[in-house]
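Quick note, the sequence shown lines up with residues 13 to 218 if you use the working numbering.
Certain hints may be false.
Using 25 Å as the maximum straight-line C-alpha spacing, the simulated SDA-like pairs for lysine to any residue come out as follows [claimed, not checked]:
{"no.": "1", "residue 1": "K82", "residue 2": "A96"}
{"no.": "2", "residue 1": "K82", "residue 2": "Y63"}
{"no.": "3", "residue 1": "K82", "residue 2": "A115"}
{"no.": "4", "residue 1": "K82", "residue 2": "P107"}
{"no.": "5", "residue 1": "K82", "residue 2": "R112"}
{"no.": "6", "residue 1": "K82", "residue 2": "G52"}
{"no.": "7", "residue 1": "K82", "residue 2": "W47"}
{"no.": "8", "residue 1": "K82", "residue 2": "R120"}
{"no.": "9", "residue 1": "K82", "residue 2": "E130"}
{"no.": "10", "residue 1": "K82", "residue 2": "E128"}
{"no.": "11", "residue 1": "K82", "residue 2": "L164"}
Derived from the structure by calculation, the hints contain no laboratory data.
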Amino acid sequence: ERASSGLGQVIDVAMVDGVASLLGSVFTLVAAGQWRPDRGANWLQGGAPWYGVYRTADGRFLTVGSLEAKFYAQLLERLGLDPADWPQFDTDRWPALRGRMEAIFATRTLADWTAELEGTDVCFGPAVSLAELTTHPHLAARETYVEVDGVLQSAPVPRFARTPGAVDRPPPWPGQHSRDVLRELGRDDEQIARSLAAGVVAEVTT
13 ERASSGLGQV IDVAMVDGVA SLLGSVFTLV AAGQWRPDRG ANWLQGGAPW YGVYRTADGR
73 FLTVGSLEAK FYAQLLERLG LDPADWPQFD TDRWPALRGR MEAIFATRTL ADWTAELEGT
133 DVCFGPAVSL AELTTHPHLA ARETYVEVDG VLQSAPVPRF ARTPGAVDRP PPWPGQHSRD
193 VLRELGRDDE QIARSLAAGV VAEVTT
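Assemble the whole structure, with the sequences as input and the hints as a guide.
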């Protein structure tokens, strides 16, 4: 615009517009008659059996999100089901398929299913605790979490190849560096002592 007209303009940007734009695919489904207003009736709301959470034999949970056709086919094959018998978008048969999947997933532990599905194109994930999450092999390999001064926290993101970020020290306590800051501002020891005594600034020693 600057090059074509030489004029500036006001840009109206609202968060609600950005959120509303995310409904584009939903409106497409509505127009195609593939969206129902009922709670938990649609693809990503728990209606589709191939996009949900299942209990395993040990009382743990496995998440499944095989939306694309090839992922759906692999999911059923791994469960011992023939994809030809279960058309993915035959919503009338979703309850029956969910029942079959619930029964099958309940026959093996979470670890068994993870080993079975790991390395395939089936979109799945074990539901893990926070303790398990921080030691998960994938996250451990990526060093997603770091421990600083005994506190576990997320490593810096994004990751730059040439200038990688790092957390090499904990944050300071309020007042921990008061003397250093005052010295940088040109205050001498006597002035700093008076400021501390008067409560103008605080000091915390660790």
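These are the hints, each one checked on the structure:
1. K82 x A96: At roughly 13 Å apart (the allowed maximum being 25 Å), A96 and K82 satisfy the hint.
2. K82 x Y63: Measuring from Cα to Cα gives roughly 14 Å; hence the hint holds.
3. K82 x A115: holds, 23 Å
4. K82 x P107: holds, 21 Å
5. K82 x R112: Answer holds: K82 to R112 is near 20 Å, not above 25 Å.
6. K82 x G52: holds, 24 Å
7. K82 x W47: holds, 22 Å
8. K82 x R120: holds, 24 Å
9. K82 x E130: holds, 16 Å
10. K82 x E128: holds, 17 Å
11. K82 x L164: violated, 39 Å
Checked against the numbered hints given earlier, this structure breaks only hint 11.
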